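Heads up: the sequence lines are chains B, F and C, in that order. Numbering of the first sequence is given in this note's numbering, commencing with residue 1 and proceeding in unit increments. Numbering of the second sequence is given in this note's numbering, commencing with residue 1 and proceeding in unit increments. Numbering of the third sequence is given in this note's numbering, commencing with residue 1 and proceeding in unit increments.
Relax, there's no trap hidden among the hints.
To give an idea of the chain F side of the interface with chain C (calculated C-beta under 8 Å), a few residues:
no.	residue
1	T55
2	I59
3	L62
4	T176
I should point out that these hints are in silico values taken from the structure, not numbers from a laboratory. As the structure is a prediction and not an experimental result, all values here were calculated from the model. Just so it is clear, CB atoms sit at the ideal spot from N, CA and C, and this is done for glycine as well.
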Amino acid sequence: MSCASARMMVRDPMKNSVRNVYLFPYVIWIGLFVVAPILLILYYSFFDIDGNWTLANYKTFFTPIYLKMAASSVWYAFLITFFSLLVAYPTAYWLTKTKHKQLWLLLMILPTWVNLLLKVYAFLGIFGTYGLANAILETIGIGTKQILFTDFSFVFVSVYIFIPFMILPIFNSLEELNPSLIDAARDLGASAWTTFRRVVFPLTLDGVKAGCQAVFIPSLSLFMITRLIAGNRVITLGTAIEQHFLVTQNWGMGSTIAVFLIIAMAIVVIATGNRK
Amino acid sequence: MRGNKKWANAYLVFVFLILYTPIIYLIYYSFNSGGTMHDFEGFTLEWYKEVIGDTRLWIIVLNTLTIALLAAAISTILGVMGALAIYYVKKRQMKQLLLTLNNVLIVSPDVIIGASFLILFTIIGIQLGFTSVLLSHIAFSVPIVVLMVLPKLQEMSPTLIDAARDLGANQWDVLTKVILPFITPGIFAGFFMALTYSLDDFAVTFFVTGNGFSTLSVEIYSRARQGISLSINALSTLLFLFTVVLVIGYYFISQKSSTLYGMRGRRK
Amino acid sequence: MRKLISFFAAVFFASFVLLYVSVQLNKTEGYAGENTLTVYNWGDYIDPALIKKFEKQTGIKVIYQTFDSNEAMMAKIAQGGTTFDVAVPSEYAVSKMKEDGLLIPLDHSKLPNLKYINPRFLNLSFDPGNKYSVPYFWGTVGIVYNREMLGGKKITSWNDLWDKDLRNQILLVDGAREVIGMGLNSLHYSLNDTNKKHLQEAKEKLDRLTPNVKAIVGDEIKMLLANEEAAIGVVWSGDAAEIIAENDNLDYVVPKEGSNLWFDNMVIPKTAKNIEGAHRFINFMLDPKNAAQNAEYVGYSTPNEKALDYLPKEITEDKRFYPDFESIGNLEVYENLGKRMLAYYNELFLQFKMHRK
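Here chain B stands alone, though its shape is the one from the complex (with noise of 0.2 Å):
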């Protein structure tokens, strides 16, 4: 959009026009790879493995096996969510206090362009029976655990994934905040905890839900290290999808899955957003 075909559009008095610039691309995108995508996989759920026209498939998903399956996703992703926040919070509060802190923040998101696979290889590496992690314990006395295949190192891992989309929007928000706000906490008499507590975090909630959001959604459909660093003792909702889309081939009964995981996505989204 030019300089002189927007400033001939806000003379109109029709401000709006200028607004529908922005949402035209947008909708087009949502239309076409949002909606059409969204409509396809609903029409598919209404098709059993042979084609027919049939509500089974969401019969099939109220049965202890998926039900077990959802909660089990929901609890995972909600442990996730918790620790990437526990520790991408600190991490962005002091990341902002640095000298180079833009420099370090960078420096923090290098890691996720190492292709995923690779890095979890390593992973495997690093907690196998032989590996660094076993080894560090059995220097300091513990002795030789079992790390992979458990719910540890799949959370670990998972966590470690999600890091970076946690500390970025949470850096973003402490970025913004108004230093003289924290100065005038301090100066009425607020500890450095209170401050923190009733100054500093309510102003980038904005920042939490949006890494939140970023991390607790992707993780409700993990699937490659469900196998890999969790050797499928861990099944989510993702992993179902997997196996109905590639190996069983029954693309209804996967649609379905992902039709639940959809809504679920809507309540989340509703649930961080309402309290503005």
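Given the coordinates of chain B, assemble chains F and C onto it according to the supplied hints.
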């Protein structure tokens, strides 16, 4: 206060170490003459030689970088527009709806995105290859950009815009002089997240690629059947070091020039 | 604002430079020409030297593309939109692709080298008369075990895995038919059993194996076993050969109750543009010398009888990977059980995976 700072730094160093452990591990074994990612047998540069001689692999690296940069840039532009659109929408329900639709691609497992995009592209009649891969990378990177930019917009106080408007600024000025500078950190965050998504994606690319076009992740995944060759480690090491140098270099150059600009400004 | 503009300008500029360089590289490598053949194969499943040799002999430029599962490959071919002249599906995928009309019949007059294939591997149930497919490699499913870690305990049958001493020592491969099949085999049922009562029984028996199972994994099983992460693994023979080559403590056995016999096969999908070239490629790979070279590189068992003459004795006389079929009674090829039955197998497998919690 000083003691506090020490703890803070210790914590940061710790997080840093954890983030880099797997990468150091990969780099370490890229020098292993034993050929596997365990049991270090001896030092060798064999894998590096193999990588440097492999033209096909370099074409793939170039493809990957091109796609990632283009997809990140375009999806950032689209995502900023999207965030503005959501920001400007007045009705609560409409806002909620747009946000939910926005997040669909983040929650959908890659296999579904890949499969549905494949069907979509065949319906529209787009040849599988560079274009289809680029389009899908743009498509799945847009929502994360929106998520990164939107909080910034919401932090911006509306009085800021009103004030600018009162001073006679038109819409375009408000956008370029007030809004965009304010949300710049969010835009950069979105860009880097989009870059990350694009570089990491395997499943979606796998479905929508064709006609000899490939990206690094797809190549690595398909080589995994025979165990990953250490030449991939060597390649990742080279790329990683290159990026680190680039990032640090870019940072200090931009630092220097901005302090120069700043000084000039002050002198005036 | 200026920062933003210059940043994005730089990014666009950089990507166009990269694009230009890669297009130029593609041209010099000859991938952009007309006389090409696209081969769609598993990753690293061919000796690259053979591709070079084929290109030199015929002047056809080979574009080598890879996939990581039969299912993903089929989805790609079914959808069209891209050219694949030769593909290498497993046997059950061949029968499925045949059913879905995704294959072009082979012209046997253009494949004179077909005569070198051991007749035992021809005319099998998944493709009678080899109308659509030619075997590429074959193998079995069996048990890899670590002699050292088991302290001399011998493993000869599926039922040995249920031993209480093997707690947390077994790695399974992530495949429904392999794992359920193992349960069926251990009960002396057929691998292609469709009796739901038998299948339930097999699943219940597998549930009792849970305490012994350390993990259910994919291709990384090779690395984990070679690394002595667990003492026992249920794997395909081709993978077993590779693991044993890496770690001397390991051995491979085809359980005495019986097991699966599998094939990967060369086919010409309906997306083929260069059908003539595809036949030449298949015939080239069937040449005994080339087949031998390929088998030595990949490490899997070749169905090419004549190729065995060109392979070292220690490979061809290894009974674990080139068994006499008389000594192992019950090797079965997977039959296409139909979508519904396959879904049932997968459902049971999913339940087995969930059982561990």
